[in-house]
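**Q** Letter by letter, the chains look like this.
There are 2 protein chains.
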Amino acid sequence: MAEDAGETQQVLAGLRVLEIGHFVAAPFATRILADLGADIIKVEPPEGDPARQWGEQIDGKSLWWSMHARGKRSITVNLKHPKARELILSLVPHCDAVIENFRPGQLAKLGLSPETLRTARPDLIVAHISGYGQTGPYRDRAAFGVIGEAIGGLRYLTDHPPGTVDLPPVRVGVSVGDSVSGLYAALGVLAALWQRDRAAGDGRGRTIDVALTESMLSLMEGMLPEYGALGKVKQPGGGGIATAAPTNAYPSADGAWILIAANSEPLFARLMTLIGRTDLIGAPGYDGNQQRVANSATLDALIGDWSRQHSATALVALLEQADIPSSKVYTAADIAADPQYRARGMVREVADPGFDRPVLHGGVVPHMVGDPDAVRWAGPAIGTHTGEVLGELLGLDDAAIAALRRDGVI
Amino acid sequence: MAEDAGETQQVLAGLRVLEIGHFVAAPFATRILADLGADIIKVEPPEGDPARQWGEQIDGKSLWWSMHARGKRSITVNLKHPKARELILSLVPHCDAVIENFRPGQLAKLGLSPETLRTARPDLIVAHISGYGQTGPYRDRAAFGVIGEAIGGLRYLTDHPPGTVDLPPVRVGVSVGDSVSGLYAALGVLAALWQRDRAAGDGRGRTIDVALTESMLSLMEGMLPEYGALGKVKQPGGGGIATAAPTNAYPSADGAWILIAANSEPLFARLMTLIGRTDLIGAPGYDGNQQRVANSATLDALIGDWSRQHSATALVALLEQADIPSSKVYTAADIAADPQYRARGMVREVADPGFDRPVLHGGVVPHMVGDPDAVRWAGPAIGTHTGEVLGELLGLDDAAIAALRRDGVI
Numbered sequence: 498m499a500e501d502a503g504e505t506q507q508v509l510a511g512l513r514v515l516e517i518g519h520f521v522a523a524p525f526a527t528r529i530l531a532d533l534g535a536d537i538i539k540v541e542p543p544e545g546d547p548a549r550q551w552g553e554q555i556d557g558k559s560l561w562w563s564m565h566a567r568g569k570r571s572i573t574v575n576l577k578h579p580k581a582r583e584l585i586l587s588l589v590p591h592c593d594a595v596i597e598n599f600r601p602g603q604l605a606k607l608g609l610s611p612e613t614l615r616t617a618r619p620d621l622i623v624a625h626i627s628g629y630g631q632t633g634p635y636r637d638r639a640a641f642g643v644i645g646e647a648i649g650g651l652r653y654l655t656d657h658p659p660g661t662v663d664l665p666p667v668r669v670g671v672s673v674g675d676s677v678s679g680l681y682a683a684l685g686v687l688a689a690l691w692q693r694d695r696a697a698g699d700g701r702g703r704t705i706d707v708a709l710t711e712s713m714l715s716l717m718e719g720m721l722p723e724y725g726a727l728g729k730v731k732q733p734g735g736g737g738i739a740t741a742a743p744t745n746a747y748p749s750a751d752g753a754w755i756l757i758a759a760n761s762e763p764l765f766a767r768l769m770t771l772i773g774r775t776d777l778i779g780a781p782g783y784d785g786n787q788q789r790v791a792n793s794a795t796l797d798a799l800i801g802d803w804s805r806q807h808s809a810t811a812l813v814a815l816l817e818q819a820d821i822p823s824s825k826v827y828t829a830a831d832i833a834a835d836p837q838y839r840a841r842g843m844v845r846e847v848a849d850p851g852f853d854r855p856v857l858h859g860g861v862v863p864h865m866v867g868d869p870d871a872v873r874w875a876g877p878a879i880g881t882h883t884g885e886v887l888g889e890l891l892g893l894d895d896a897a898i899a900a901l902r903r904d905g906v907i
Numbered sequence: 498m499a500e501d502a503g504e505t506q507q508v509l510a511g512l513r514v515l516e517i518g519h520f521v522a523a524p525f526a527t528r529i530l531a532d533l534g535a536d537i538i539k540v541e542p543p544e545g546d547p548a549r550q551w552g553e554q555i556d557g558k559s560l561w562w563s564m565h566a567r568g569k570r571s572i573t574v575n576l577k578h579p580k581a582r583e584l585i586l587s588l589v590p591h592c593d594a595v596i597e598n599f600r601p602g603q604l605a606k607l608g609l610s611p612e613t614l615r616t617a618r619p620d621l622i623v624a625h626i627s628g629y630g631q632t633g634p635y636r637d638r639a640a641f642g643v644i645g646e647a648i649g650g651l652r653y654l655t656d657h658p659p660g661t662v663d664l665p666p667v668r669v670g671v672s673v674g675d676s677v678s679g680l681y682a683a684l685g686v687l688a689a690l691w692q693r694d695r696a697a698g699d700g701r702g703r704t705i706d707v708a709l710t711e712s713m714l715s716l717m718e719g720m721l722p723e724y725g726a727l728g729k730v731k732q733p734g735g736g737g738i739a740t741a742a743p744t745n746a747y748p749s750a751d752g753a754w755i756l757i758a759a760n761s762e763p764l765f766a767r768l769m770t771l772i773g774r775t776d777l778i779g780a781p782g783y784d785g786n787q788q789r790v791a792n793s794a795t796l797d798a799l800i801g802d803w804s805r806q807h808s809a810t811a812l813v814a815l816l817e818q819a820d821i822p823s824s825k826v827y828t829a830a831d832i833a834a835d836p837q838y839r840a841r842g843m844v845r846e847v848a849d850p851g852f853d854r855p856v857l858h859g860g861v862v863p864h865m866v867g868d869p870d871a872v873r874w875a876g877p878a879i880g881t882h883t884g885e886v887l888g889e890l891l892g893l894d895d896a897a898i899a900a901l902r903r904d905g906v907i
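From first to last, the protein sequence lines are chains A and B. Under the working numbering, the residue at position 109 of the first sequence is numbered 606, and the numbers go up by one with no gaps. Under the working numbering, the residue at position 135 of the second sequence is numbered 632, and the numbers go up by one with no gaps.
Rather than coming from a laboratory, the hints here were simulated on the basis of the structure. In this text the structure is predicted, and so the values were computed from the model without any measurement. Positions of the beta carbon are idealized from the N, C-alpha and C atoms, including for glycine. Take these hints with a grain of salt, some might be off.
The calculated lysine to aspartate or glutamate pairs, modelled on DMTMM-like cross-linking and capped at a C-alpha distance of 25 Å, are [claimed, not checked]: (1) A/K606 x B/D820; (2) A/K729 x B/D895; (3) B/K577 x B/D895.
Far from chain A by the CB rule (all over 12 Å, computed), these chain B residues [what the hints assert, rightly or not]: (4) P659; (5) V677; (6) E762; (7) A780.
A few chain A residues that face chain B, going by a derived Cβ cut-off under 7 Å, partial list only [as the list claims (entries may be wrong)]: (8) R652; (9) G670; (10) S712; (11) S715; (12) I821; (13) S824; (14) V866; (15) D870.
Just chain A, with the same shape it has in the complex (with noise of 0.2 Å):
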């Protein structure tokens, strides 16, 4: 980046949390806080975290895994253990909140509910994530990223309008569901830190609920009004915008899909110059918007009609030429590729001691301008830093962690 990095420290130096979590929720919540400079400590049981098992493996080692444990502390714990309880209350003391995402009531089965995590710190910050939250009449039932957009609403929008094709709303392809409720608990925790933190602030802990399923709810923008005053159901709209043509997706020659806006009178009419039908221009049933929504299938069929003719890169170039927005749908092969990503390190590689070469990771968001910008190491393997964390923050000798080790609790 072209920014100067100075003598400053990241933004979060100073902050440590602990991560009692797994899957994807709770550890995208502080793989973000990571980026930003906390010290995350992330207590995984001896055979890790499940999540480790996803997506490609190389010897074994799950490439995804490199970025989203990477920043983070691992120790070992096995929480079944009876000695597991202590040892977790004797690691708070140091920590300023404590991040979760088993199912409600787990915790505090294992003796960790937020009441007794305080008897070790009284103004620690506790966040749960969870499906369908801590309280109300669903709370024990299971839910994962999925379900979490099916019940939000977001599932039902990402089709094609009712009546197009024989087949399901799609997945977005990533648990957005999880990754967001992992923004809003991170959000929350910083929340209630500067609250407690500041110096006329009230000094509290806090404890946070954050469902999967409301986070995903608090995206669906007019959704709630407009169907509690009107009835509205909010239908999804396919590649299109149920209110505005010309704009969707538009094949290319070469299988890619080519974004354009042109619902506007000039661009419609500059769209039209490009592809050859100036005779639309101001046409009956191509006048305005609202005749041109009317006719937006037909409209699309003809734009496509010419779409298909062009490659992806040539397409972007006649569209930019003529100043119509525009922009390819971009595969991992177009961002890996793509000059600004590269520029503000939002692709790049990290070096990783599980592989034999580093690994293409994404960047930090969001950039704290002047900050240091820097992935401070890959994902860990399993424990890396048990002894480590124990020695530093609870006094303990090789021995003792030995022990420890024998027993079975670490």
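On the provided structure of chain A, position chain B as indicated by the hints.
**A** Positioned in the frame of chain A, the structure of chain B alone reads:
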């Protein structure tokens, strides 16, 4: 909610943020902060934020706006007026942070760069949200939510597998590019505030640079590591998951979709028993997840043939009875009627003087347990709080405010 509200204040009480934003991303960031108790001063042009025209209207008033601008104070400032700069700079010392989402450089052109803003308050936090970010070769390109989703990799994945249908990848139906970048901006502001305001902190103002494209990219899980190491280009999976079967959305007799995830051995056996195909349990082609993935199209078709014979309500009951993870794909109507959402205050009526009845809103995310849980007021009319804010913060009297209004500054 079952929680005891106690006598505490909301977590962001005492925080004041100036929003110089429009449309979705910056206003979404400030909606989240307002929901948690911050004092948001939203600067609007005298004709109002263009988002006030979006979506369904009643008597010229937007239903979405009721929720999008709730809990904020609206003041009008004509930023193009020569005296506007001075007015904004006089407000800044009273604010902790500024959040804006104009094109990169536009506020600087108005004399309101972060550096200038910090002449008025040296430790001010400034968050920018833009399509591609404040730096790099594409920084000046126009972008909006849908472009961010395309460049970030999300749009390519919201599709049926290549070759399935001759239709474009679908939009998610809401502007997740905008809302997720708003979340990152709010999170960045809180991180910077914590480091600025805590006793051991660095006391510095920081500038935060959030891009829509990058906010989307940050959710792409293993996409980049797997592409970098193996050249694997992540592909869309339609309604299913490329590595597990059966798991998909299946149609009901009454036109709804039901998610069913039965991709383990016991779940598959239970599902086949339920649909009367015990002959397939352990049969060649269906024995183990790997075989089922290879036959997932056939499997989805026969599960769909069964599901089409039952109503959504019947399917949900049958699947629950058989203990198979499932859920209806919720529409707006399902969400509004859901007992869990109602129990947790996530679907609620909010009084709004702009309408003759209360407006249906989504609730506050994240839940801060024990904090007062209140949507303080619905989205205000343009400039509702201009006089109040200028009086309270700047000590201007009615005559001074009338003069600013006469001069066209506010």
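**Q** Kindly indicate which numbered hints from before are broken by the structure, ordering the numbers from low to high.
**A** Numbers 2, 4, 5, 12, 15, in rising order.
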